[in-house]
Each structure stands twice: as structure tokens, then as C-alpha cells.
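Student: Take a look at the letters that make up each chain.
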Amino acid sequence: MDLTNLESLKYFYPEIILSGTVLLLVILDLVIQNKRVLAPFAALGCLLSLGATLQLYGTSEGWLFHRMVVLDNFSLFFKVVSLLAVLLVIWMSVGCHEIRQIYQGEYYTVLLASTLGMFFMASSTNLLMAYLSLELVSLTSYILTGSLHHNRRSSEAALKYLIYGGVASGSMIYGMSWIFGMTGSLDYAVIREVLHQGEANRLTLFMAFLFILSGFGYKAVFVPFHMWSPDVYEGAPTPITAFLSVGSNAAGVAIMIRFFFPAVSHLGEGGNWDFIPGVEWPHFLLMVSMVTMTLGNLCALGQQNVKRLLAYSGIAHAGYILMGLVVLNNIGLRAMLFYIVVYLIMNLGAFLVVIIVSNATGREDIEAYRGLAWRGAAVPATCMAIFLFSLAGLPPLAGFVGKFFLFAAVIKGEFYFLAVVAIINSVISLYYYALIVKTMFLDFPEPTDQEVAMTPTVFPLLLILAIPTVFFGIYWGPLFHYTNQSLGFFIK
Amino acid sequence: MAIGLTHYLVIGGILFTLGLFIVLTRRNAISILMGVELILNSANINYVAFSHFSSGNVEGQIYAIFVIMLAAAEAAIGLAIVLSIFQIFHTIDVEAAETLKE
Amino acid sequence: MTHPYFPVLMIFLFAGVIVVSFLFIAQLVGPKRPNPIKSEPFESGNPPKGDARIRFSVKFYMVAMLFLIFDLEVVFLYPWAILFRRLGLFGLVEMGIFLSVLIIGFIYVWRKGALEWE
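Those sequence lines, one after another, are chains A, B and C.
Take 1 as the starting number for the first sequence in my numbering and just add one per residue.
Take 1 as the starting number for the second sequence in my numbering and just add one per residue.
Take 1 as the starting number for the third sequence in my numbering and just add one per residue.
For the record, the hints were derived by calculation from the structure and aren't laboratory data.
Ideal placement from N, C-alpha and C gives every residue a C-beta, glycine not left out.
It is possible that some hints are incorrect.
[As the list claims (entries may be wrong)] So these bits of chain B aren't anywhere near chain A, every CB distance computed over 10 Å: (1) I3; (2) H7; (3) L20; (4) V23; (5) T25; (6) A43.
[Said to hold, decoys possible] Within a straight-line C-alpha distance of at most 20 Å, the following computed EDC-like cross-link-like pairs (lysine to aspartate or glutamate) qualify: (7) K412(A) x E269(A); (8) K10(A) x E94(C); (9) K492(A) x E61(A); (10) K112(C) x E106(A); (11) K492(A) x D2(A); (12) K35(A) x E98(A).
[Claimed, not checked] Interface residues of chain B toward chain A, partial, derived using beta-carbon atoms under 8 Å: (13) F16; (14) N46; (15) Y63.
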């Protein structure tokens, strides 16, 4: 179906609810003195939006708003993922000391606006919408990163993020302008038809893709567009770091899949996608994937700051996720979606423990974790061990299953070299994850190390994140089924 | 020789390169933001030129309008961040404002 | 066959040559006897006051930022105004929603005191 503006509205409730919540938050912030109600209000808006999203499952798929955005299982999947991420981050923010210094109204408003941008990143089927949604997420991320008052690291991180982001998205629209010039349209469906007629110059097309990748790659943190991430992750308030590392990363992957699969490839037999003949794009992505995971892991080795370490580990994970794109079939894409969900849970969990420790000690370096298990924080330390081993990909945790699917897709696609590189990387990553676990359990605390206590709001959240990490490692069937269903692209 | 699509594309390319050059070489935060604006406007020239010469619709011009809008939003946020940098570091030299390191 | 714009190019070239050569000749033959009064900045004949690079107050940046944002909404009003009759009621309502979002932003700015000069 191809709906006009008014007809589209009834398939658009998640976005409408979220936009309404954003506007109401601005007004509430002006009239209400007690700022503590804002976080529950924001969470309520997200829950309503989540409900509306789930309602949309089973309705017909199609283009909305004159082919600007598309409603299909793929876009619904990423709406659910972004909403889960933002709900968990709101919960994390409530128990975080750092966030209490920030203006609450602005914080939650901008956070939800960013989520709205992620919705559109996954569902846009027009180059203009893709750019607008990416910028909506970027601009809000700059604000959130720099939101700590009179904090050197926060302001500096925001400036770096802004400069990198500006150049990356500028290059992206420059590349998009070439695509527009070659095809005469901004609409993904038309672009695919014209490009597959095969008149466009191959080299020009490759260059245009390269420019476009700079925009997508900077959102999804691929080398060489990763330079901002360690500084931004270290300088931003920790809940925002967590949000950027899972939410904006997932949205970057989503916009990339949406562009490189339904927009420029043909779906062939048996779930294989045919890329434009003559453009060596998949092999280029293969290189990017290998360099990204290797560089991320090698840089993570010497890090003393845990947030910075998780930033580099995030780069490495972006490399793993990219593996699913290289094989150009639905098996790879399904593995990517599965890994995104798993990564969301375990990475948010790891950042939650970072928040717990920094609430108690005010520190983020690895020394602050010395003997954590013996300083009244046995539960957070155990959970952190679960999250880190899951990130490293050890069985029987969810991270292992996610990596298994990715590796299986790569091996089935006969990219053996890539699989070998990825396995070597997993071994390297085990070293620095295990180092933190060793510091928490085997090192004994010095007398100067403070006790680490948890606030009551944090404890249930910790369990909510730790239990699925173990559960999906043992019984992944439902999640796998869900990601398999989510691979429905509406093409025509 | 009439002025055609190629001329506009060359201008766009030159502007893009200049913008990138400014971002890479300048140390003043405001200058860097100006470089970013140049990059955005190079894309704008391409869009309007393609829209006029080859596509036969106004989609490219609409795109350019939105890019102008977003460039302004980005400049506003950039100015705000530069102001807060200035309040803390008392300079807008990006290399002096460098504390995050390995 | 010469192009119709060829003379224009010649004019530009000629102008360029003249400017460069004048600068060069002045540099070459002109006497140079600097003194402090000569080399101070020119401010319409008055003795210069203070440094040329004065710092503007933060308030100017604030106003500039807000102006930038609210000024650019007009970019969207123009295309709408031209197609006003064709878009009809739907366009009017859509523009109403767009403007009301902006007005909420404006109220926010106002209430937060960003428009106060002092």
C-alpha cells in the first residue's frame, strides 16, 4: 500500500505519542516545580508508544506519507529496540548521581526526541528522510553529551562529537547528491530500479557509497569514522554513553541495512541479495569489518578507564555486527538483528555497573573496581562478570549465541578468512574483559576503597538485565524467532 | 561554451574540498564550524544543479532547503557548545581544549 | 571563432594584471619611512580607542542563536504561501501544527529567561 498523509496517521501512533510526550515534557517542565515527576512521565510516554508499536504487528505493510517512511516488520523491530533502550536508560538515569545535576526537563525531552529520530532512521525510505532522521539523532546526541554543567570532559566531548558528526553527515549528503544526480530521485524504490538498469558509472557509484558510508559509519562506529567514540563515551554522562552505545549504534546499523539492502540490492532466490553488479562493495565492507574489530580490540587492551574501554569494545562489536552485512543474505541479517538485541542487554548492564561504582566512589578507572565483590557489592560484581563474559562471547551466555549465529553466517557464506580474524579477535577481547573480572574478584580491596552500596531503584534493573543475558544464552528460541520475523522488508 | 551541469559539480567539489581542508587544518572552533557549513553547502549546490539539469523535479531543491535548516540548527548547537567550552577553558582553540587522552 | 564571453575574460585578466603590477611597483619604488603614528590602525582620523578585537558579550551569541533558529522557519513558510490555494485546508492545518511546535519552543525560551538582556 502507498498511503497519503491523512491515511497514514492511523499507522503512525507510536511516533505521534512520542512527539506528544516530547512537547508535553517541555510544557510540564515550565509549569511544574517538582522535577521528579518528569522521568516517570517520560517513561509513561515511551510505554504507551511501545504499546502502540506492538499493536501495529499484523496490520498491513506499506509506504506512509507518500513513500517517505515505510511500515514493515523491520522498522517495527527497531522501534521496539529503541524504545527498550530508552526505557532502560531512563531507569538508569533516575538512579544516577551525575544526571541529577542536569536540568531534568531538558534531559528527558532531548532523550525522547533522540528516540524519535531513531524510529525514522529505521523506517525512512527516502534520502531526505534518512538525512533528517540521522541529523535529529545527531543533534540531540550532541546536546546530551555536553549536558553536564561546567564539566571539562563533557563540553570537550560534545565539541569533538559535533565536529566529527558535522563532517560525516556533510560527506553523507554529498554522496547522496551523487546518487540523486545519477537516478533523478530520492525515493529508494526508484533508485533501485534505475541503478539496476546498469547505466550508472561504477566508479562514481562506488565513490558515492563511500561518502554515504561516512555518515552511516559514524553512527554505527566503524573504522575509520570511529575517532569520536572513545572521547565522547568517556566525556558524556554514563547513562548517555550507554544510550549512544546501544541506541544510536543500532539505529546506524538499521539505516545502513535499509539503504544497502532494499534500496540498492535485489532480493534473489533463497534470501540472497544481489548487489549492483560491478561494484565491489561487499568486499570493501569485509575489509572495514576486519579492521574495525581488530583496531577496537587492540586499543581496548591498554585502557585504564572502564568507560573508555567499553567504548573501544563497542567499536569491536560494531565490527562483529558488520560481518552479517558482508555475506549479503538473510541469514547474515538475521544474525545481525539477534546480536543487536543481545548487545543492547549486556552492554546496558555493563554500563549500569559502571554507574553503581561511580555513584559510590566518583571514579571510573579500573582501580575503583579493586576487590569490588568484597566491598559490599557482590551482586553488581557478579552481574558485571556475567555481562563482560557475555560481551567476550563465552558460553552459556547470550553473547555466545549471538556470536555463534554471526560466525555461522560468515562460514556458510564461505568467508573463512573473516571468520578466523573474528575468532582471533574474540580471544584478544577475552583478555581485557577477564582483567576487569580478575580485579573485581581476585584482588583484595585496600583500606582506602569505599564500600559500594546500591540504591533501591538500581537493584531490580540489574536483575532485569542480568537474567536475560543468561536466559537467552540457554533458551534463545523465542528471540531468534522474533528476529527472523523482523526481516520483512516492504519493497513493493 | 554554455554554463552546464559540470560547472556546478566542479564548484561543488571545490567547495567540499575546501571545507574538508578547513576542518582538518584550522584550530579555531568557529572556523571549523564554518568549514562544516562549506561542506553542507557544497552538497546543496549539487542538489540544486542536479534538480535543474537532470532530474526534472524539485526534490533536489526541497532537499537543499532542509539542509539549510539543519545547518542552522547545527550552527546554533555548535555555538552553544563553543560558548560552554569558552566558559571553561577561556579559549576556543581546539587543541588547547584537549584533556581527553588515552 | 571566439566565444561571446571571451572579452569578459580578457577584462578580468587585464584588471588582474593591473592590480598585481601596481601593488608590485608600489612595493618596489615607494619610500618606506614608518613611524608609530603612521602605523597605528586607522579609525576615521580619530585616535584609536582600545583593541580592535574586543570581546562581545555572551548575550549577543545567545540572541544570534535564537535568531538563527526562529528566522529559518520562514524558509518553510514561503513554499507553503506560494502553494497556499492548492494545499487548501490540509496545508493550513499542517502549517498550524508546525507553527504551534515552534511557539511551544518560543514559550520555553521566553520562560527560561533567554530573552532577558540583563
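Student: Each hint: holds or not?
Tutor: Each hint, compared with the structure:
no.	hint	result
1	I3	holds, 17 Å
2	H7	holds, 14 Å
3	L20	violated, 7 Å
4	V23	violated, 6 Å
5	T25	holds, 13 Å
6	A43	violated, 4 Å
7	K412(A) x E269(A)	holds, 16 Å
8	K10(A) x E94(C)	holds, 16 Å
9	K492(A) x E61(A)	holds, 10 Å
10	K112(C) x E106(A)	holds, 11 Å
11	K492(A) x D2(A)	holds, 9 Å
12	K35(A) x E98(A)	holds, 16 Å
13	F16	holds, 6 Å
14	N46	holds, 4 Å
15	Y63	holds, 5 Å
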